[in-house]
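Engineer: Here is what each chain is made of, one letter per residue.
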Amino acid sequence: EAQVTQNPRYLITVTGKKLTVTCSQNMNHEYMSWYRQDPGLGLRQIYYSMNVEVTDKGDVPEGYKVSRKEKRNFPLILESPSPNQTSLYFCASSFNYNSNTQYFGPGTRLTVL
Amino acid sequence: KNEVEQSPQNLTAQEGEFITINCSYSVGISALHWLQQHPGGGIVSLFMLSSGKKKHGRLIATINIQEKHSSLHITASHPRDSAVYICAVSINFGNEKLTFGTGTRLTIIP
Numbered sequence: 001e002a003q004v005t006q007n008p009r010y011l012i013t014v015t016g017k018k019l020t021v022t023c024s025q026n027m028n029h030e031y032m033s034w035y036r037q038d039p040g041l042g043l044r045q046i047y048y049s050m051n052v053e054v055t056d057k058g059d060v061p062e063g064y065k066v067s068r069k070e071k072r073n074f075p076l077i078l079e080s081p082s083p084n085q086t087s088l089y090f091c092a093s094s095f096n097y098n099s100n101t102q103y104f105g106p107g108t109r110l111t112v113l
Numbered sequence: 114k115n116e117v118e119q120s121p122q123n124l125t126a127q128e129g130e131f132i133t134i135n136c137s138y139s140v141g142i143s144a145l146h147w148l149q150q151h152p153g154g155g156i157v158s159l160f161m162l163s164s165g166k167k168k169h170g171r172l173i174a175t176i177n178i179q180e181k182h183s184s185l186h187i188t189a190s191h192p193r194d195s196a197v198y199i200c201a202v203s204i205n206f207g208n209e210k211l212t213f214g215t216g217t218r219l220t221i222i223p
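Order-wise, the sequence lines are chains A and B. In terms of the working numbering, the first sequence is residues 1 to 113. In terms of the working numbering, the second sequence is residues 114 to 223.
Hints listed in this document are in silico derivations from the structure and should not be mistaken for laboratory results. Just so it is clear, CB atoms sit at the ideal spot from N, CA and C, and this is done for glycine as well. Every clue listed holds true.
Calculated from the model, a selection of chain A residues having no Cβ within reach of chain B, i.e. all distances over 10 Å: (1) P8; (2) V14; (3) T20; (4) G63; (5) S67; (6) K69; (7) E79; (8) V112.
Pair by pair, the computed Cβ-Cβ distance ranges are: (9) Q127(B) <-> K17(A): 45 to 51 Å; (10) S143(B) <-> G63(A): 24 to 30 Å; (11) N123(B) <-> E70(A): 38 to 44 Å; (12) P223(B) <-> S80(A): 46 to 52 Å; (13) S120(B) <-> L88(A): 19 to 25 Å; (14) S139(B) <-> I12(A): 35 to 41 Å; (15) G129(B) <-> I12(A): 42 to 48 Å; (16) V157(B) <-> K57(A): 23 to 29 Å.
Covered stretches of chain A, going by a simulated chain B footprint (3 or more residues, C-beta under 8 Å): (17) 43 to 51; (18) 98 to 104.
Just chain A, with the same shape it has in the complex (with noise of 0.2 Å):
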């Protein structure tokens, strides 16, 4: 089935403990994205990768960093969380940048305490 993947899910952690969303597609899409969704904010594009290797910054990048070695996997790396990173997480991925369609992931809800 094709599928963006996410993990976890769901995690509640503390202010400066690093962890990483990893995010994993199974369609050989050149392109991924993460976006954070908050109340009244909306969805935000953190980072984005137009294929292996290149990366590059969207509208709220600060306190993130991403690694795209492989095709399939994009993961998001928090080095040290703040709980102003408290948010829902999505990844998602399309054939190309110029795809009609993105395919997101489930989604991440992240606490900082």
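Take the given structure of chain A and dock chain B to it, following the hints.
Structural biologist: Relative to chain A, chain B alone:
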């Protein structure tokens, strides 16, 4: 940076009604997307437009580049259409650097 405004923020309608959701943006774009977020949180891409009109089943999306405006229409609405509909725009290429509206919450009453 593009500003994306959606209206209305909330919309409640009876089953069968024709629904229109609007999206306006402030800066010229290369593409506009419509997304649907289900009550359970899952997000589905509906359309990507750069001009004209697209139709998929009971959903129709239109865009007017000169007026910087897009509409999403739902014909013969059904309770399963209840969701949050989100507009997003890209200045560069289709999916690159998306800016999102805050969404329209649609509720269809049987």
